[in-house]
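With chain E held as given, fit chain F onto it using these hints.
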Amino acid sequence: MRDVAVIGVGCTEFGERWSTSFRDLFVTAGSLALEDAGVSGEKIDALYVGNMSAGRFVEQEHIGALIADFAGLATNHIPSTRVEAACASGGLAFRQAVTAVASGMEDIVVAAGVEKMTDVGTGASVDMLASAADREWEGFAGATFPGLYAMIANDYMHRYPLTREQLAMVAVKNHENGANNPIAQFRNRITIDTVLNSSMVADPLRLFDCSPITDGAAAVVVVPLERAREFTDSPVRVLASAQASDTIALHDRRDISTLDATVAAGKRAFERSGLTHKEIDLVEVHDCFTIAEICAIEDLGFCAKGEAGKLTADGATALNGDIPVNPSGGLKACGHPVGATGVKQICEVVAQLRGEAAGRQVDAEIGMTHNVGGTGATVVVHILGV
Amino acid sequence: MSVSRFWRKIPQRYNLVGTQCTTCGRYFFPPRSLCPDCRRSGEIVDHTFNGEGTVVTYTVIRSASDQFENTTPYVLAIVELDEGPRLTTQVVCTPEEIEIGMRVRSVFRRIAADGESGTIHYGTKFVPVEH
Numbered sequence: 001m002r003d004v005a006v007i008g009v010g011c012t013e014f015g016e017r018w019s020t021s022f023r024d025l026f027v028t029a030g031s032l033a034l035e036d037a038g039v040s041g042e043k044i045d046a047l048y049v050g051n052m053s054a055g056r057f058v059e060q061e062h063i064g065a066l067i068a069d070f071a072g073l074a075t076n077h078i079p080s081t082r083v084e085a086a087c088a089s090g091g092l093a094f095r096q097a098v099t100a101v102a103s104g105m106e107d108i109v110v111a112a113g114v115e116k117m118t119d120v121g122t123g124a125s126v127d128m129l130a131s132a133a134d135r136e137w138e139g140f141a142g143a144t145f146p147g148l149y150a151m152i153a154n155d156y157m158h159r160y161p162l163t164r165e166q167l168a169m170v171a172v173k174n175h176e177n178g179a180n181n182p183i184a185q186f187r188n189r190i191t192i193d194t195v196l197n198s199s200m201v202a203d204p205l206r207l208f209d210c211s212p213i214t215d216g217a218a219a220v221v222v223v224p225l226e227r228a229r230e231f232t233d234s235p236v237r238v239l240a241s242a243q244a245s246d247t248i249a250l251h252d253r254r255d256i257s258t259l260d261a262t263v264a265a266g267k268r269a270f271e272r273s274g275l276t277h278k279e280i281d282l283v284e285v286h287d288c289f290t291i292a293e294i295c296a297i298e299d300l301g302f303c304a305k306g307e308a309g310k311l312t313a314d315g316a317t318a319l320n321g322d323i324p325v326n327p328s329g330g331l332k333a334c335g336h337p338v339g340a341t342g343v344k345q346i347c348e349v350v351a352q353l354r355g356e357a358a359g360r361q362v363d364a365e366i367g368m369t370h371n372v373g374g375t376g377a378t379v380v381v382h383i384l385g386v
Numbered sequence: 387m388s389v390s391r392f393w394r395k396i397p398q399r400y401n402l403v404g405t406q407c408t409t410c411g412r413y414f415f416p417p418r419s420l421c422p423d424c425r426r427s428g429e430i431v432d433h434t435f436n437g438e439g440t441v442v443t444y445t446v447i448r449s450a451s452d453q454f455e456n457t458t459p460y461v462l463a464i465v466e467l468d469e470g471p472r473l474t475t476q477v478v479c480t481p482e483e484i485e486i487g488m489r490v491r492s493v494f495r496r497i498a499a500d501g502e503s504g505t506i507h508y509g510t511k512f513v514p515v516e517h
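Line by line, the protein sequences are chains E and F.
When the letters of the first sequence are read in order and numbered with the working numbering, they come out as residues 1 to 386.
When the letters of the second sequence are read in order and numbered with the working numbering, they come out as residues 387 to 517.
In isolation and in its complexed conformation, chain E is listed as follows:
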């Protein structure tokens, strides 16, 4: 296995991008990443693109070929593969690219993620997102995606000391970070009252506990570490890549409030990198809902079960805290174009490690990403370092 490095990253602005198409989003992110890497298109050996549901969001399948074509690579005939694991599609596309380079099969690989969600109405997108869970036995009964995470929240709050205000602090902190991220969908600061006075979506989760519906794309370029200096003076090493799965349905989990796939992927990432929690300077976690960030912090092992609410309220997860969580603003404030999110997390960690995250910069040499599909049926964890 070869060591792998990220040499370039690019991200579109996240938001309701009415005037921008699916393919234009991708082309923008891809161009930014190649420019950042100093690599020309014809040098690319392979492409992996994370996308959850173009078939239903924009009625377009065969995304691998489409993306290669509009990236101007059709006549190069490179292998281009779409990767799908619901909201973890992006993280998984990155992992596929890392695997391809580490194995020696390819040298210069682009990992991208793209989702165009606003071409359908809210009701339709709620229905599509529910297909990340079990359509036959959860969706059929009327389960929405916020509803499933709300059931995690109620189980959690029944068993552990988490207050409604502590939960709201997750969103307040992520909006604070997002305010300093130029690509973020929401760059406004909010208060605990903003969250507590917003409309109820699925008890106890309110509108400001939920990540938004977003259009966006992100791309990164990976190469063997030994070649990284040909392209950049500031390569970022991939120190660990881990993936885990669990039951598709929430009701079949061993423990409703613990994402065992997060526990498994996190453990593998720490084992493979030989690192300890104290050595991680920042984490981008999958906060599709505020309760998801609480569970992620605990399930990755940064504190014991039941303690993440207090940790958040005490400011330990803020930019200047002991373990900054979601400096990008997370899914909550930066936005959540589902297939792109996992790649955006990589972009954020790379920006942080290079010292390019103006306004939200953390003093960091090692960062972690945590990308979840569904309610925890797929989890992808990466550790990057300089």
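A portion of the hints provided could be inaccurate.
In silico negatives: residues of chain F with every beta carbon more than 10 Å from chain E [what the hints assert, rightly or not]:
no.: 1; residue: Arg425
no.: 2; residue: Val431
no.: 3; residue: Phe494
no.: 4; residue: Gly504
For the chain E half of the interface with chain F, some residues (derived, Cβ under 7 Å), not all of them [as the list claims (entries may be wrong)]:
no.: 5; residue: Glu138
no.: 6; residue: Gly147
no.: 7; residue: Val201
no.: 8; residue: Ile256
Don't read these hints as lab results, they were simulated from the structure.
Glycine included, every Cβ here is placed at the ideal spot set by N, Cα and C.
Positioned in the frame of chain E, the structure of chain F alone reads:
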């Protein structure tokens, strides 16, 4: 959900017909055709559940997909059947009544419809057991 996809699971949806692995005795609902513990040495047979169980966790859905929009707010829960397996279901009660640990039993109810002229989906919901 297409007619064939709904139709093929009618016994399961209407009457809580799940499965059991007779090798290890474990019950499955939603039904499984492969026992995760015994794998290929497991023997799977149908099993009709008695329909009583306990609420493990719940929520009240206020914002739903188009198919369920006109039934909001509704109570959604994970119920643990007395035989062991857990399932996701609606509980027919008010948002104020639902609580973790509540005893419930299954009933046959209308779940949703595919638009105004499509199939009406019937299935199982749960109601609180009277004290």
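Exercise for review: Report the numbers of all earlier hints that the structure fails to satisfy, in ascending order.
Suggested key: Of the numbered hints, all hold.
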